[in-house]
Amino acid sequence: MKNTDVSELKKIANELRQSVIKMVYQAQSGHPGGSLSAAEIVTALYFREMNIDPQNPKWEDRDRFVLSKGHACPIQYAALAKRGYFDESELSTLRKEGSILQGHPDMKKTPGIDISTGSLGLGFPSATGMAIAAKRDGKDYRVFVVLGDGECQEGIVWEGAQVANKYQLDNLVIFVDNNNLQIDGTCDEVMPNIDLGKKFAAFGFEVYEINGNDMEQVVDVLDRIAEKRDSGKPKCIFADTVKGQGVSYMENQCDWHGKAPNTELYEQAMRELGGTL
Amino acid sequence: MTDKIATRVAYGNALVEFAETYPELVVLDADLAGATKTQTFMDTYPERFFDMGISENNMMGVAAGLAACGLKPFATTFAMFAAGRSWEQVRNSIAYPHLNVKIVGSHGGLSVGEDGATHQCIEDFALMRAIPDMTVLCPCDAHEMRLATEALLNYDGPAYMRLGRLAVENVTDSVENYKFELGKSLQLRDGEDVTIIANGMMVQMALKAADLLKEQGVSARVINMHTIKPLDEEAVLKAAKETGCIVTSEEANILGGLGAAVSEYISGIYPVPVIRHGVRDEFGRSGKAPLVLEAYGLTPEMIAESAKESIQLKAD
Chain A
1 MKNTDVSELK
11 KIANELRQSV
21 IKMVYQAQSG
31 HPGGSLSAAE
41 IVTALYFREM
51 NIDPQNPKWE
61 DRDRFVLSKG
71 HACPIQYAAL
81 AKRGYFDESE
91 LSTLRKEGSI
101 LQGHPDMKKT
111 PGIDISTGSL
121 GLGFPSATGM
131 AIAAKRDGKD
141 YRVFVVLGDG
151 ECQEGIVWEG
161 AQVANKYQLD
171 NLVIFVDNNN
181 LQIDGTCDEV
191 MPNIDLGKKF
201 AAFGFEVYEI
211 NGNDMEQVVD
221 VLDRIAEKRD
231 SGKPKCIFAD
241 TVKGQGVSYM
251 ENQCDWHGKA
261 PNTELYEQAM
271 RELGGTL
Chain B
1 MTDKIATRVA
11 YGNALVEFAE
21 TYPELVVLDA
31 DLAGATKTQT
41 FMDTYPERFF
51 DMGISENNMM
61 GVAAGLAACG
71 LKPFATTFAM
81 FAAGRSWEQV
91 RNSIAYPHLN
101 VKIVGSHGGL
111 SVGEDGATHQ
121 CIEDFALMRA
131 IPDMTVLCPC
141 DAHEMRLATE
151 ALLNYDGPAY
161 MRLGRLAVEN
171 VTDSVENYKF
181 ELGKSLQLRD
191 GEDVTIIANG
201 MMVQMALKAA
211 DLLKEQGVSA
221 RVINMHTIKP
231 LDEEAVLKAA
241 KETGCIVTSE
251 EANILGGLGA
261 AVSEYISGIY
271 PVPVIRHGVR
281 DEFGRSGKAP
291 LVLEAYGLTP
301 EMIAESAKES
311 IQLKAD
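As given, the protein sequences belong to chains A and B, one line each in that order. Everything in the first sequence is counted per our numbering, starting at 1 for the first residue and increasing by one. Everything in the second sequence is counted per our numbering, starting at 1 for the first residue and increasing by one.
It is worth saying that the hints were derived from the structure and are not from the lab. Note that the coordinates shown come from a computational prediction; the quantities given were computed from them, not determined experimentally. Any given hint could turn out to be false.
[As the list claims (entries may be wrong)] Computed far set for chain A versus chain B, every beta-carbon distance over 12 Å:
(1) Lys10
(2) Glu60
(3) Asp106
(4) Thr117
(5) Ser119
(6) Asp137
(7) Lys199
[As the list claims (entries may be wrong)] Distance windows between CB atoms, simulated:
(8) B/Pro271 / A/Met191: 48 to 56 Å
(9) A/Arg229 / B/Asp156: 28 to 36 Å
(10) B/Asp133 / A/Leu277: 40 to 48 Å
(11) A/Glu97 / B/Glu233: 28 to 36 Å
(12) A/Lys198 / B/Glu47: 45 to 53 Å
(13) A/Lys108 / B/Pro290: 43 to 51 Å
(14) B/Glu24 / A/Gln168: 18 to 26 Å
Using N, Cα and C, we set each Cβ at its ideal position, and we do this for glycine too.
Could you build all of it, start to finish, from the sequences and the hints given here?
Below, the structure written as C-alpha cells:
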C-alpha cells in the first residue's frame, strides 16, 4: 500500500469518518469525537504505512497497531473493515450484544486487533513489550501507538516512556492525538499537560510536531520517520488535532466525546461528510 | 526432610533450570531481583531478563505485550505490588485477553516480618481469585515450587503464583511419584475426624497440627491445596463426605482466599462445618517473622484448636 497517494488517503479518511458516524448512530453509543480527530492518522497507517496482511491477521512479522486511547475504536473498526479484516456489515453491530466489535478493542473478538485496550494508559506499556519482543526475536516489524493527550495524564504512560528509552525502541512510533479535550473540559483546564512534546523529548524520544488532521503532513512525517528506522530512539509524533474534526457541531466540543447523534444530527453529519444516508 | 529452603529460592533456581528447555521464557522484575531471586536468571540470561525498575504496573503491561508476541513472560515482584498495585493492569491487560503471562508475587503474607503491614500482602489470593480466568497458586515447599514453575511454563494462560520469604521444610519431596498438576491437590496425610486444607507454609504447620491432634486422639486428614483456583472440588467434596468437617489454613486474610473458596464450594453442594484459619481481617505488623506469625495465631496449635472447633460443630 506504500504507493497510496495523498488524495486517495484523504478520500478514505472521509469514508472512515462516515463509517464512524454511522456506527455510533446505529449503536446510539460510542465515542465519535476522538475517533474523528484520529482519522488521518489511522488512515495513513492502515492504508499506506503499515506492513500488514488482512488475510492473515496473526502474521508474525506484521506491524502492530495499539490504540491506547481505545475508546476511539470506531475509527479503527472502520479501517479494519475497509481493509477486509471482516465484513463491513459487522460495523452496524458496534457495541451490541454478541458483536465482535466491543465498546473497546478486544484482541480475542476482533480480527486485526493486536492487543486489547481501553483502560487509558495501559496500551502503551504493552506496545513497548511488543517492540522489545521484535528486537529480541530479530524481527523488522514496527509498533505504532495512538495515545490521547488526556491519556498522558496517566502516570503509566511515563513508565512506558522510560521503557522505550531504556531499550532504545526505535521500532516504536507513537502518535499523540493532541486535541486538547477530555471529558470534563479542556486538558488545560482539567489537568494541564505542560508541553507534552518536550516531555517526550526529555524521555528520549525523537519528537515531530505536525497537524494531525493534515494528510500531507501525516504522510510526510511517516516517510521521514521510516528513514530514521535505526536511529536508536523511539519516535513521538505530536499531532495537533481537532476533536470531532469533519462534523461542524462536534468540532472542539467536549460534549461529543462519548455521545451518539440523534437522527437529525446524524443526517447533518453525513451531509457534511458527503455521505449517503 | 531436607534442609529448609524458601520457595522464592526454588523459583529462582527453577527459572534458570528450565531456561534452555523453554526458549520463550523471559523474566521481568521491578528492581527486586535480589529479593525475589530472579537475580540468577538475570545474571545467566541477561538478554532474556527485563528489569522494569520501580514501575510494577508498567511491568505487567510490558509482559502483556511480550506475551502477545509469543513469549512466556514471568513478571515478578512482591505480592503486594503484583496483586495489589497492579491489579487493574493484571485484569485488563493480561487476564481479559487471556495472555500467557505468569504473575509471580514474592514475600506473600505476614512472614515478610520486619517490613511490616505495607509489605505484608494478605489479600493477594482474594484479589487474584476475583479475576475471571485467573489461575491462582501457592506451592508449599521448594520441591513443589520447582514442579509448579514447570507446570506454569506448560500452561497457556494467565496465572498468579505466590512465593514465600521464609525458608521452609520440604514436605512434598518424600511423596512418591509426585506429579504436580494445576488444580489437583495433594493429600499428605489421611484422617477420619477432620480435614485440614492448607496452602503455602501453612501446609507444614497443618502437618504439625495433625501430629498434635493425633496425640489427643484426633485423626486429621491434611490436604495441600496448592492451587486455590481452579479449586480441586473433588478432593474437597470427598473430604466433606468422609470427615464431615473442614479447617482451611492460609497465610492470608480469611476473607476471599482459600477458606472462602472451600466454603463457597461446599456450602452449595454438601454443607459441612468449615472453620477458616488465617489472618482475621486485620493488617500485619513489624517483627521477626515467627513472632509475627505467632501473634496472629498462625501456628500449628491454633490450627489444631480450629480442628477441634470444627469437630465440635459437626457433633452439634
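Evaluated hints:
no., hint, in the structure
1, Lys10, "holds, 32 Å"
2, Glu60, "violated, 7 Å"
3, Asp106, "violated, 7 Å"
4, Thr117, "violated, 8 Å"
5, Ser119, "violated, 5 Å"
6, Asp137, "violated, 7 Å"
7, Lys199, "holds, 16 Å"
8, B/Pro271 / A/Met191: 48 to 56 Å, "holds, 52 Å"
9, A/Arg229 / B/Asp156: 28 to 36 Å, "holds, 33 Å"
10, B/Asp133 / A/Leu277: 40 to 48 Å, "holds, 42 Å"
11, A/Glu97 / B/Glu233: 28 to 36 Å, "holds, 31 Å"
12, A/Lys198 / B/Glu47: 45 to 53 Å, "violated, 33 Å"
13, A/Lys108 / B/Pro290: 43 to 51 Å, "holds, 46 Å"
14, B/Glu24 / A/Gln168: 18 to 26 Å, "holds, 23 Å"
This entry does not satisfy hints 2, 3, 4, 5, 6 and 12, going by the numbered hints stated previously.
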